[in-house]
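Chains as they are written, first to last, in my numbering: chain U, 1 to 288; chain P, 1 to 232.
Worth flagging that the hints you see were computed from the coordinates, not collected in a lab.
Ideal Cβ placement from N, Cα and C applies to all residues, glycine included.
Please note that a few of the clues may not be correct.
What the hints assert, rightly or not - Below, a sample of chain P positions facing chain U; criterion: calculated Cβ distance under 8 Å:
| no. | residue |
| --- | --- |
| 1 | W86 |
| 2 | R87 |
| 3 | N88 |
| 4 | Y98 |
| 5 | G179 |
| 6 | I181 |
| 7 | S197 |
| 8 | K198 |
| 9 | G199 |
| 10 | F201 |
Stated by the list, open to error - Once the Cα atoms are required to be at most 20 Å apart in a straight line, the calculated PhoX-like pairs of lysine-lysine come out as:
| no. | chain 1 | residue 1 | chain 2 | residue 2 |
| --- | --- | --- | --- | --- |
| 11 | U | K59 | P | K182 |
| 12 | U | K96 | U | K81 |
| 13 | P | K182 | U | K34 |
| 14 | U | K247 | U | K59 |
| 15 | U | K97 | U | K81 |
| 16 | U | K34 | U | K59 |
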Amino acid sequence: MKRLNRTCSIALIISVMSVVFCALPAIAAQPQHKNIILATTTSTQDSGLLDVLLPVFEKSTGYFVKTIAVGSGQAMAMGQKGEADVLLVHSPDAEKKFMAEGYGVNRRLVMHNDFIIVGPKNDPAGIKGSRSSIEAFRKIASTSAVFMSRGDNSGTDAKEKSIWKAAGINPEGQKWYQQTGLGMGQTLSVAAEKKTYTLADRGTYLALKKNLGLDILVEGDAVLLNIYHVIEVNPAKWPKVNSAGAKAFSDFMVGRQTQDIIRKFGVEKYGSPLFFPDAGKKEDALGK
Amino acid sequence: MDIIIEGIKQAVILLFTLDPEVIGITWLSLKVSGIATFISLLIGVSVGTLVALTQFPGRRIVVSLINTGMGLPPVVVGLFVTIFLWRNGPLGFLEILYTPTAIIMAQTVIATPIVMGISLAAIQQLPANLRLQILALGATRLQMVWILVKEARLPLLAAIMAGFGGVISEVGASIMVGGNIKGYTRVLTTATVMETSKGNFDIAMALSIILLLLAFFINAVLTHVQQRERPR
Numbered sequence: 001m002k003r004l005n006r007t008c009s010i011a012l013i014i015s016v017m018s019v020v021f022c023a024l025p026a027i028a029a030q031p032q033h034k035n036i037i038l039a040t041t042t043s044t045q046d047s048g049l050l051d052v053l054l055p056v057f058e059k060s061t062g063y064f065v066k067t068i069a070v071g072s073g074q075a076m077a078m079g080q081k082g083e084a085d086v087l088l089v090h091s092p093d094a095e096k097k098f099m100a101e102g103y104g105v106n107r108r109l110v111m112h113n114d115f116i117i118v119g120p121k122n123d124p125a126g127i128k129g130s131r132s133s134i135e136a137f138r139k140i141a142s143t144s145a146v147f148m149s150r151g152d153n154s155g156t157d158a159k160e161k162s163i164w165k166a167a168g169i170n171p172e173g174q175k176w177y178q179q180t181g182l183g184m185g186q187t188l189s190v191a192a193e194k195k196t197y198t199l200a201d202r203g204t205y206l207a208l209k210k211n212l213g214l215d216i217l218v219e220g221d222a223v224l225l226n227i228y229h230v231i232e233v234n235p236a237k238w239p240k241v242n243s244a245g246a247k248a249f250s251d252f253m254v255g256r257q258t259q260d261i262i263r264k265f266g267v268e269k270y271g272s273p274l275f276f277p278d279a280g281k282k283e284d285a286l287g288k
Numbered sequence: 001m002d003i004i005i006e007g008i009k010q011a012v013i014l015l016f017t018l019d020p021e022v023i024g025i026t027w028l029s030l031k032v033s034g035i036a037t038f039i040s041l042l043i044g045v046s047v048g049t050l051v052a053l054t055q056f057p058g059r060r061i062v063v064s065l066i067n068t069g070m071g072l073p074p075v076v077v078g079l080f081v082t083i084f085l086w087r088n089g090p091l092g093f094l095e096i097l098y099t100p101t102a103i104i105m106a107q108t109v110i111a112t113p114i115v116m117g118i119s120l121a122a123i124q125q126l127p128a129n130l131r132l133q134i135l136a137l138g139a140t141r142l143q144m145v146w147i148l149v150k151e152a153r154l155p156l157l158a159a160i161m162a163g164f165g166g167v168i169s170e171v172g173a174s175i176m177v178g179g180n181i182k183g184y185t186r187v188l189t190t191a192t193v194m195e196t197s198k199g200n201f202d203i204a205m206a207l208s209i210i211l212l213l214l215a216f217f218i219n220a221v222l223t224h225v226q227q228r229e230r231p232r
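Model the full structure from these sequences, guided by the hints.
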């Protein structure tokens, strides 16, 4: 009887395993040319924008989008190696270099929002209300107030480094300058916990605001503009790239319906839009 | 403290309303880690038993390698599997990066040394005379191995639990090779990381609680099987 019992349970385990095993091809068998790999920044995912846009795109075109949310730097590195089909990124200087080197085609303006300098309410460096981000960064450095940097080569990180450069300060290695190496959401959480300053994109900040206790201290400086472009990875460099899919996604992002969704996104929840649609505009004309 | 209570509340709500997204994520976690454990069991127990029962030059080095593999960091496995599966990598023609299959692959690599190491120790700790005795009673070599494996079933079930526990809870490899794609490769651990970075701590907490419940349930079943017949 005992033996029978054991045989039964072994048979049961094996049959359960084989059912699970047979279910595997069903999830793995997706037509490959229908897949698009979108490499993008954490801000588009963490703010929830892609959760709204992608179902619309997938429904109307039949493509399946695999979103890999990393920093802009890593997204472009994926594009350079042909491991992504299309990029949605916000690091204009790096993007121009990417295009000049021939890794991408058809770079198009999608939307913008802005960066803000956030920090604790008591504002130890006294930067609140400053109109100039460069001035604010100088004050932070001169008072040695702790500044939390992304330090991950993302678009936000690139913007922050360019401001330090413009301010003529090299924060690298300073005691008050700390790097998280994490995405925007997590960096904001760290900054909130340790009551430090940081540079953030407005979209992620608004989405996380309820848990943070950090205030917007500097905003509205033209330097702080945060511009998103969509770039198709050059199929001439990497023949395996799904160029038709990339083009469809790129067209979708600048389409009128999409731009309308972007305009309205977040208004209901946060009282103000998180992104401003810019398709067809000139980059230089923004923020003026 | 609020966040913990809120998390438990959310977990209960998500579970009892059978939230389709959460059920999907939970089911995928279970499926992916279950298959990975099963494959690692086939490889791990057979290789582990073989190494335990044979003598060959360099055996100590092999055993050391297996034991080192038991502590293989998931992110390292994730990185290597990603590089192999890249479109332009050595296994790029398979086109399985950012699919559940890729996660199964990575998790199998993580779980196999764990199962192998424990099986090896389990078989080796059986009394050496037992083998002679079984053979003397007229068993074939294959029958002998089967009897030894059955004799070691207690630690072997522990090997399954350790392997499964290792992969269902890992996040580094899953997020790298799976990409945390909504409704496709999002598992409990990667979803928890994402919700945390979104600042949705209550949902992250709820997902963690579901993960813990799942791990407990699986281990309870395995422990039941393990402890049902105590060897005399």
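Against the structure, the hints come out as follows:
1. W86: Holds, because the Cβ-Cβ distance from P/W86 to chain U comes to roughly 5 Å (cut-off 8 Å).
2. R87: Nearest chain U Cβ about 5 Å off; hint holds.
3. N88: With a closest approach of 6 Å, the P/N88 hint holds.
4. Y98: holds, 5 Å
5. G179: holds, 5 Å
6. I181: holds, 5 Å
7. S197: Holds: closest Cβ of chain U sits about 4 Å from P/S197, inside 8 Å.
8. K198: holds, 5 Å
9. G199: holds, 4 Å
10. F201: holds, 7 Å
11. U/K59 / P/K182: holds, 15 Å
12. U/K96 / U/K81: holds, 17 Å
13. P/K182 / U/K34: holds, 16 Å
14. U/K247 / U/K59: Holds, at about 16 Å.
15. U/K97 / U/K81: Distance ~15 Å between U/K97 and U/K81 Cα, so the pair holds.
16. U/K34 / U/K59: Since the Cα atoms of U/K34 and U/K59 sit roughly 12 Å apart, the hinted pair holds (cutoff 20 Å).
Checked against the numbered hints above, the structure breaks none of them.
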